[in-house]
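K.L.:
Residue numbers (this note's numbering), protein chains in the order written: chain A, 1 to 444; chain B, 1 to 452.
It is worth saying that the hints were derived from the structure and are not from the lab.
Quick caveat, the model's predicted, so the values are computed rather than measured.
Check before you lean on any hint, since a few could be wrong.
In silico lysine to any residue, SDA-like type, Cα no more than 20 Å apart, as pairs [stated by the list, open to error]:
id, chain 1, residue 1, chain 2, residue 2
1, B, Lys428, B, Asn363
2, A, Lys259, B, Lys443
3, A, Lys259, B, Arg157
4, A, Lys164, A, Glu37
5, B, Lys93, A, Gly292
Per the computed footprint, the stretches of chain B lying under chain A, defined by three or more beta-carbons under 8 Å from a beta-carbon of chain A, are [unchecked claim]:
id, stretch
6, 99–111
7, 148–155
8, 264–270
9, 291–305
Cβ coordinates follow ideal geometry from the N, Cα and C atoms, glycine included.
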Amino acid sequence: MIPRIAIALMTVAFLTSAPNAMGKTPIERIVTPKGIEIWFVRDAKLPMLSLQFSFLGGASQDPAEKPGVASLAASLLDEGAGPYDARAFREQLEEHAIEVSFAANRDNVRGSLKTLTDNRIKAFELLKLALNEPRFDASEIERVRAATLASLRRNSTNPSELAKERWYARAFPGHPYGRSTLGTLDSVPNISADDLRAYVRKTLARSNLKVAAVGAIDAGTLSKLVDDAFGTLPEKADLAPVPDVVPQGLGERDIVPLKVPQTVILYGSTGLKRSDPDFIPAYVLNHILGGGSFESRLFKEVREKRGLSYSVYSTLVALKHAGLFMGAVQTKNDRAYESLDLIESEIARIAKDGPTADELDKAKKYLIGSYPLRFDTSVKIATNLLDIQFEELGLDYIDKRNAEIEAVSADDIRRAANRYLVGAKMLVLMVGEPVAAPAKSAKQ
Amino acid sequence: MKIITAMAVAGAATLLSPRGAEAEQGPPVARFTLKNGMECLVISDHRAPVVTQMVWYRVGSADEVPGKSGLAHFLEHLMFKGTAKNPAGDFSKILASLGGQENAFTGNDYTAYFQRVTRDHLEQVMAFEADRMTGLVLDDKVVNSERDVVLEERRMRTDNSPAAQLGESMQATLFVNHPYGRPVIGWEQEIKQLNREEALAFYRRFYAPNNALLVVAGDVTPEGVKKLAEKIYEPIPRNDSIQSRARPNEPEARADRRVVLADVRVAQPSLTRNYLAPSYRTAAPGEAEAIDVLTHVLGTGSLSRLYRKLVIEKKIAASAGAWYGGVAYDTTRLGISATPLPGVALEDLDKAIDAVIAEVVTNGITQEELTRAKTKLVADVVYSWDDPFTLARMYGAALTTGLTVDTIKEWPDRIRAVTADQVQEAAKKWLATRHSVTGYLVKPPAPPEKRS
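In isolation and in its complexed conformation, chain A is listed as follows (with noise of 0.2 Å):
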């Protein structure tokens, strides 16, 4: 089945196989014949195969009057492709178990493979048409706008994704990432056929195309199914520039009213990106600030002691274009003011004081000894190793991401903070109804 000059003409380099964070399993750098790289992990024990793709340029080459196009041609590439209509797209894919997704996000659009070994060559053969000559059938076309406009709406009056998205629009006026994903209300029913097309034609390319396979599959074999559903795209996307950009607003707080019991509180200003040499410092104090576990002064001092939400964070979003920090808190109205001052002051506190170096050595415990808890799946493996690529860490950043973690010192936290957290305004959107602010909380 599979020839052997594919096999000579792939090169594989191997990482080092020391002890990482996925014990001793070596992640396999795989350049296929028509030049596709793909970073692979074989594992036999379980019969299936797990394929996580990208192509850089999401709903940042939406046109400026059609937000949405990326969403909704992401949405449509399974609904029908080749000789195949929509149903018997669907059809095709039940019958095998074939698990296919696509959808877009800011900067990608974001695809996912899953099938057992045994139907791997059909997995591939649907992949391919989605890929290569998806049909946007009208019939198709007009169901899942349908259902977005529906979503659009259920959104409309949901207060999280109403602050989200007034949010992405107050602090990126005129720039991609100031659209909706999904688009909008207005958008939506204008996209035609010919846009989805030329988005396609545009984005789904060679040149800005990520893959990541982990699975019961060989290199030779799984470059040869790569080569084959890929391969046929065109060499080189045509993106359209999508300029760096930082957020604005920030020392404002706007008002969404709507009629719920907890304000919705979305708060955020400047980051630090992906590639900045201070991120990681950043990303250390971070998780002491308001990061993923019990232990954050964020959902200490607002859930622990005072009980005023149940969900509480602050994060790194790491865009293409943007370094973001942001942060929410969900507070019944009349106290929604308290919980925002208070989070205000405790990043204030950790920008001018630091950590303790108690917090910090604990930070680094839990960042570092977590690591190998990201790697326990097929599904989970293959989404990082795609995600480390997307970042251009390298293929040996998983060995050395623990190492650089370690490394941080209180002067590398100090000079972070100076870099984004020190004097930070943020950029506040409140959905509810909260009750006026106390005199001293009131801001312009």
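Given the structure of chain A, go ahead and fit chain B onto it with the hints provided.
P.N.:
The following block gives chain B in isolation, referenced to the frame of chain A:
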């Protein structure tokens, strides 16, 4: 002490690939019981150096007494507040410094606590979990503040969402006598009254090794876990006063009910229908499996009956689907939902759903539909093998709702054995409107107030 029996989850690949010998089995599952009655399950998967520990208690919101709704879930929150041996916050603090992750969840029938750590730390997290099985210490200050957290959780999940509020009302309407009618998180006015003494009384009544299930999944061996469990969990004394669950039964349902929630926040109306249905524990042999197949054919994916009729053919809905909550201790629910296209009345959607059901009741399903449903349901088993955490959760839920390891092991074979006649029979019996509630989520006809 029972002997460890290692067994493998039944292979799905027999249906899908006649030749895949290595593909026959999922991760091996071993089961044993400690002398104090604590049941233990070990799911071995050595692909990553990671372990999940879960301790499941056979107590959930359906075991609360009337008037104290939310108590099981409130106690779940309070279990993170420290013990005599490991005072407030120590467990979480040490766990975090080990790089461990933790959380807990409460359902109608169970309450479960879990940690994910690298394999070297298993013993330590087992010791912490064992300690809080009986050692919980609470003071009013932490109880009061945590009650506020739970109220915020309720606002977030339910009060901020009209759809969630409708779901709550439908559940309360469907179950006229059984405690499944109460929301797991509790009614707001009752959560506000919960206190330290009640939480501790509930804890002492239900938290004991003979009412618990340990599930360890990941890079471990049954022998290794058994040794640790004997050392760490076996010394905890059993509580012989715990009785098996006897909840009030549902009377025979006779009324087709409608629940309407009208709210200004509803920008997209929807329709949901819930039926009473037997669970895997209460169903006749093969019946729950037939309902799983029925639900798939009716409402999973774009080839399903509901989707094809409502969305594709009649073009009256943006989406349509069905689900079945078969893993429950008592009589459970089967649900259908649909989102109308603009201008379509929910009544018309309702009638179209009735017609789809009538068609299945009268003429049954096709062989093609039956085969496709089986392929998908069985393949999902294989895909579940990829994630030890998912497996731990699946086994934990099954074993705390009256099922056995064999039930899960043999499930793919029992799904394969389902016939089209059984599916039609299940539709006839369980999709009868007299034991259903239909919920309409709508915008009020006229704006009740002017907002600027």
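K.L.:
With reference to the structure, classify each hint as holding or not holding.
P.N.:
These are the hints, each one checked on the structure:
For the hint pairing Lys428 (chain B) with Asn363 (chain B), the CA-to-CA distance comes to about 11 Å; that is within 20 Å, so the pair holds. Among the hinted pairs, Lys259 (chain A) with Lys443 (chain B) is consistent with the structure: their alpha-carbon atoms are about 13 Å apart, no more than 20 Å. With a CA separation close to 15 Å, the supplied pair Lys259 (chain A) and Arg157 (chain B) stays within the 20 Å bound. For the hint linking Lys164 (chain A) to Glu37 (chain A), the alpha-carbon distance of about 34 Å lies beyond 20 Å, and the restraint is violated.
Restraint check for Lys93 (chain B) and Gly292 (chain A): satisfied, since their Cα atoms lie roughly 13 Å apart, inside the 20 Å limit. Counting residues of the stretch 99–111 of chain B whose C-beta lies closer than 8 Å to any C-beta of chain A gives 4; at least three are required, and the coverage claim holds. Coverage of the stretch 148–155 of chain B by chain A holds in this model, with 7 residues showing a Cβ closer than 8 Å to a Cβ of that chain against a need of three. Evaluation of the coverage hint for the stretch 264–270 of chain B: fulfilled, as 5 residues show C-beta separations to chain A shorter than 8 Å, against a requirement of three.
Figure legend: the stretch 291–305 of chain B, annotated as covered by chain A; annotation consistent (3 residues with Cβ-Cβ distances under 8 Å, at least 3 required).
Violated hint: 4 only; the structure is consistent with all others.
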